[in-house]
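If you want the building blocks of each chain, they are given just below.
Number of protein chains: 2
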Amino acid sequence: MYTLVVDCMGSDGGSKVTVAGIKLFLTKHSNVKIIAVGKKEELEELQSENNVEIVDARDVVPMESGALEVMRMRKSSMMIALDLMKENGYDGVVSAGSTGGFLSAATVKLKLVEGVDRAALISPFPTAIKGKKVVVLDIGASNENTPEQLVQFAKMGRIYSNKVMKVEKPKIYLLSNGAEDEKGSPEVKEAHKMLKEMNFEGFVGNIEGRDALNGDCDVIVTGGFAGNVFLKSVEGVASMMKGMIKKAFYRNLKSKIGYVLAKKGFDEMSETMDYKSTGGAMLLGVNGVVVKAHGSSDGYSFSCALDVAYRMVEGKVVELLKQGVGEIE
Amino acid sequence: MYTLVVDCMGSDGGSKVTVAGIKLFLTKHSNVKIIAVGKKEELEELQSENNVEIVDARDVVPMESGALEVMRMRKSSMMIALDLMKENGYDGVVSAGSTGGFLSAATVKLKLVEGVDRAALISPFPTAIKGKKVVVLDIGASNENTPEQLVQFAKMGRIYSNKVMKVEKPKIYLLSNGAEDEKGSPEVKEAHKMLKEMNFEGFVGNIEGRDALNGDCDVIVTGGFAGNVFLKSVEGVASMMKGMIKKAFYRNLKSKIGYVLAKKGFDEMSETMDYKSTGGAMLLGVNGVVVKAHGSSDGYSFSCALDVAYRMVEGKVVELLKQGVGEIE
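Protein chains in written order, with this note's numbering: chain A, 74 to 402; chain B, 74 to 402.
Treat the hints as calculated values from the structure; they're not laboratory data.
Only a predicted model underlies this, so the values are computations on that prediction, with no experimental measurement involved.
Watch out, some of these pointers could steer you wrong.
[Unchecked claim] Covered by chain A, according to a simulated footprint, are these stretches of chain B (three or more residues, beta-carbon under 8 angstroms):
#1 101-110
#2 296-305
#3 310-321
#4 332-345
Where is the CB? At the ideal position from N, CA and C, for every residue including glycine.
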């Protein structure tokens with residue numbers, strides 16, 4: 074039996090979304106206990122569930138809160154969830170609340186795994202190949218990273234791809250400004266050299282942003298600053314183009330009929346580009362499974378975030394990280 | 074009368090493309106002389122043009138050549154074009170050849186403007202607002218940049234936006250991992266502070282990749298590494314989604330009819346997302362106008378690159394850079 078602690082309050086859609094997500098998740102998993110933290114009057118629907126324990130929390134962390142603000146809100150659902158996780162050694166914690174606040178507070182509370190210098194935020198991206206996702210880390214836990222940290226990210230990414238995404242032999246790349254070995258920021262160049270010298274299993278070489286989503290890669294390693302720029306550029310262009318597609322179809326009656334006729338292909342496209350099913354972003358390198366669901370989650374995507382936490386627990390990701398991310402292999 | 078030197082050989086499409094581009098350009102500009110450098114037997118079509126001087130060059134720089142390789146190929150069209158530019162103080166030079174090679178060789182030959190620490194590569198991006206473009210610099214001339222260099226880029230970007238894009242009061246942003254003032258890599262944070270303290274005209278604040286193309290910004294300042302990641306991610310997602318749109322329409326007869334009905338809106342979308350009309354990337358901070366046309370240029374886009382060079386010369390961009398990019402205002 075696994076135990077996941079859930080911050081039920083922090084999401085744009087409020088507790089309705091998280092409650093729906095938990096219920097959906099539990100229809101698929103009977104071996105998981107959920108500790109649901111939040112205003113108990115909003116969680117009543119969960120009382121009839123077998124594997125749910127409700128813990129009352131009166132405060133809600135505002136969506137844009139930073140780390141300090143969160144740490145001060147000791148009676149918030151987010152902090153109580155993290156406290157419960159820490160005190161009881163539960164398997165994982167999931168929140169759709171303030172990203173910065175949740176991740177920093179989780180790092181402070183749960184502490185880094187020994188040998189890990191920096192936690193990394195990892196997230197799967199859709200690729201040009203249907204059904205294939207690539208994980209990218211770090212997408213924003215740090216503002217700058219050393220070459221050694223990039224090598225640690227490569228190790229964490231490999232474990233994640235193998236154990237959670239179920240890729241047998243993950244192909245790992247460094248995000249750079251050119252595919253050639255000698256391209257990159259000073260940190261990327263040095264990390265490249267280190268990975269080559271240690272014959273890092275699965276390391277292929279550098280990759281440019283334009284090829285990152287071609288479906289060939291399993292893991293893309295980057296410092297947090299460039300990774301965040303990558304994440305947000307991809308999201309930005311995708312959403313801009315989605316808006317343009319909508320506009321093109323809504324132009325007039327003719328184009329609307331055109332939409333009806335071409336709908337199937339475009340539905341498939343939205344499915345491929347759908348970030349909802351990815352479950353959000355995962356914090357790797359801390360003592361415990363930490364999943365940050367999208368703030369804009371609906372019930373389905375929140376249940377996907379719980380699924381990811383479950384798969385991370387089942388894949389013993391944290392135990393594997395403890396076995397040697399810090400060591401040079 | 075302005076004079077532009079053109080490397081007619083370095084392009085995926087060969088001299089056919091550059092010759093067509095020059096001819097198209099000259100139909101619109103009678104006050105420009107073109108020095109066309111390349112294999113003279115391939116440039117015969119230009120002999121009948123009034124304002125063209127053909128200079129024979131026997132060697133062609135391969136597309137993937139680095140700086141050293143280019144510098145060694147003294148009889149290549151690219152090096153002869155740069156030599157002519159330097160010796161005669163011509164107004165500008167345009168090439169569609171190897172990016173790395175051309176830009177490095179141009180920097181070595183023409184030298185940096187006094188007070189400029191690093192040249193920056195600038196390029197316009199389409200935005201969500203039809204017809205509005207935003208310029209981003211540096212998109213890859215450097216691998217790392219100091220805060221002082223970022224401030225210089227802001228100045229160069231402002232001059233470019235004002236003089237070439239004709240934006241009266243350019244709105245300038247720093248590309249960062251969050252819109253808040255305190256977000257960013259150490260360099261971005263420091264540059265932000267410097268720009269604020271000097272009351273830099275037009276500086277608004279930080280912007281995330283996802284908002285960079287919303288049409289509100291005129292200039293986005295970034296270090297070359299993150300800028301290159303931004304450029305290539307944007308290109309990558311845009312091309313991936315274009316492929317998906319095509320696939321969705323080509324699915325079956327019904328969807329093909331759908332395409333015919335919705336075509337107008339989608340044509341407009343391609344136009345908005347079209348990188349061909351942007352003319353390529355411009356190197357700012359060297360003594361002379363340097364334009365790198367897309368390697369995959371066709372005649373039309375090569376003529377756009379010549380247009381950009383013309384507008385930079387007409388806008389006296391280099392003279393303005395000389396007047397004080399290095400100084401703190």
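Query raised in the report: Count the residues of the segment 101-110 of chain B with a beta-carbon closer than 8 angstroms to any beta-carbon of chain A: does the count reach three?
Result: violated (count 0)
Query - Outcome, coverage hint (the segment 310-321 of chain B, chain A; C-beta under 8 angstroms; three residues) - result: Three-residue rule met by the segment 310-321 of chain B, so holds; n is 10.
Query raised in the report: In terms of beta carbon proximity below 8 angstroms, does the segment 296-305 of chain B have 3 or more residues touching chain A?
Result: Satisfied; 8 residues make the cut.
Query - Coverage assertion for the segment 332-345 of chain B with respect to chain A, Cβ distance below 8 angstroms, three residues required - result: holds (count 11)
Of the hints listed earlier, the one the structure fails to meet is number 1.
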